[in-house]
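Residue numbers (our numbering), protein chains in the order written: chain E, 1 to 232; chain C, 1001 to 1331.
Treat each hint with caution, since some may be false.
Stated by the list, open to error - Listed next, the in silico BS3-like pairs over lysine-lysine satisfying Cα-Cα at most 25 Å (straight line): (1) E:Lys113 with C:Lys1214; (2) C:Lys1227 with E:Lys113; (3) C:Lys1267 with C:Lys1295.
The set of hints was computed from the structure by calculation and includes no laboratory data.
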Amino acid sequence: MKQSATTSCKSDYILFYHRVLIVMHGNLSKFPFTQFAMRVLPASILQKIVDALTHRMRSVHPRLFSNLERLEGATVLIEPCDLPHRFILTFGAGESSLEVAQGDSEDCDATIKGNLSALLDMLEGRIDGDKLFFSRELEISGDTAVVVALRNTLDREEICLLDDVTSLLGPFADPARRAIVLADAFAERIRAYLEERAQKANCACDSLREENEELKKKLATFEARGKRRKAS
Amino acid sequence: MTVSYLELVCPAGTPAALRAAIDAGADTVYCGYRNCTNARNYPGLNFDQDELIEGVEYAHARGRKVLVAINTFPRAGDEKPWHKAVDEAAEAKADAIILADIGVLDYATRHQPHLRRHLSVQASAANAMSVSFYRDRFGVKRVVLPRVLSIEDVAALIEKTGMETEVFAFGSVGPMSEGRCFLSSYMTGLSPTSEGVCAPASHVAYKEEGGCMKSCLGCVTLNQFEKDEPAPYPTPCKGRYITHGEARYLFEEPIGLNAIDLLPQLKAAGVTALKIEGRQRSRAYVAEVVGTFRKALDALAMGSSKSFANDLKNVAEGGRETFGAYKKGWR
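Please construct the entire structure, taking both the sequences and the accompanying hints into account.
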């Protein structure tokens, strides 16, 4: 029994370690630094960053905002499924804004749901929205015309969020851009390392599960023998 | 500018897509105005006059061409938007206009005689008699052939008419009645041929029910997908309908047309240009498809026989591809 207790303790440790690795790996999937930063920031601070970014984008991409504002008025809930935050984009009828959602947002005209990396890829024109939709990586609900109008309007503009974010820092934009690229590259290395460790932990878990099953079988056999002996 | 193995005609739903297409190697880009005069009248898509002028300048500066699709059919008593589109395309110095309606063709012939005229696929000219009529009556220089012909049919038509032809190389596979399909209008009240929208987004809805997703057009449920099952466009021709107790694709399965491995045969048939479909798709799609076709055409020009068959599967509708009518494999 001593061996079984040791195995169980080791098994618990590896399973816990395995879960931690999977959670961290999930958090650091793509755009690792950006994603990690967005996960840990509270909504109030994130809103301030979003406001500053929106203000900056308004001056860098004036045509994007005028195109958004000439659409019919609508609100869209954007749900990155790997973030704790959701966003409400309001556009049309002469206005446009982006807010971090607080509580329920059932009044929105439409919802767009997908991984943050897919949503950012789409925003920056790196991936086709229809392709994401065909493969079910993107979910939309509500007023489809609102989503199509938004998708087409965003796609008219060549956006690079990294440039827009770092340009907020004025003369420090270039060093900041390099620092973020480096941070993302570093996080990518960590991600690759964690992925490798997660795979190893997975293998260790599998062998422990097999060992556990074997021990259960043996125990069941011993118990059956004991019962038979008692009966005889 | 070097002469392409086959002219590569690419879609642009937005100015950014036009630049993406040209940068990826398009010889020619086609686009339309932001109104009912073109067959891709979706919200947020298409060009205003200033954007078209800028787009034409961008293309011409790089030795490429821009075509303007004015390929819907005017409503009775409301032909002005179509006349205005023809005049503005001429003013923007477009290289050609793509027309379908004989009234608009007549207007363009009389009012903008020097503006080259192409016949849209929406005109459904699929035989030598029809093509010759447009050539002789309206001076049409090029015909975009409907996706109903085999390569042998295309070759025979070219031989009989001597016309420049443009054939679909990548895009959707419909029920093969282009320009004559009214399925969507029965469900929405809006005509694809005069309003320019098949399955308008305003009438499309997606509903999550019991772990499945339903796509609806108007009050008709078109399809239902299990989790992770690929989804097609929400058009009536790609609907899965229940007949004899079984849900099946009655008109067309969700599958994309890809003729990238038929390019030598199409060239041998006398085809002038290849059309990539997808003005409603993003600039990422445009760059990927155009870039792949550019590579294939350049490889053929260099004498290579490398296959590019699987390079575009991930952007094809339903993630599957077919040669469509070119091979008529179902026969």
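Consistency of the hints with the structure:
The straight-line distance between the Cα atoms of Lys113 of chain E and Lys1214 of chain C is roughly 16 Å, inside the 25 Å bound, and the hint therefore holds. Proximity of Lys1227 of chain C to Lys113 of chain E is assessed by CA-CA distance (about 15 Å); at most 25 Å being required, the pair is judged to hold. A hinted pair counts as satisfied when its Cα atoms are at most 25 Å apart, and Lys1267 of chain C with Lys1295 of chain C qualifies at roughly 16 Å.
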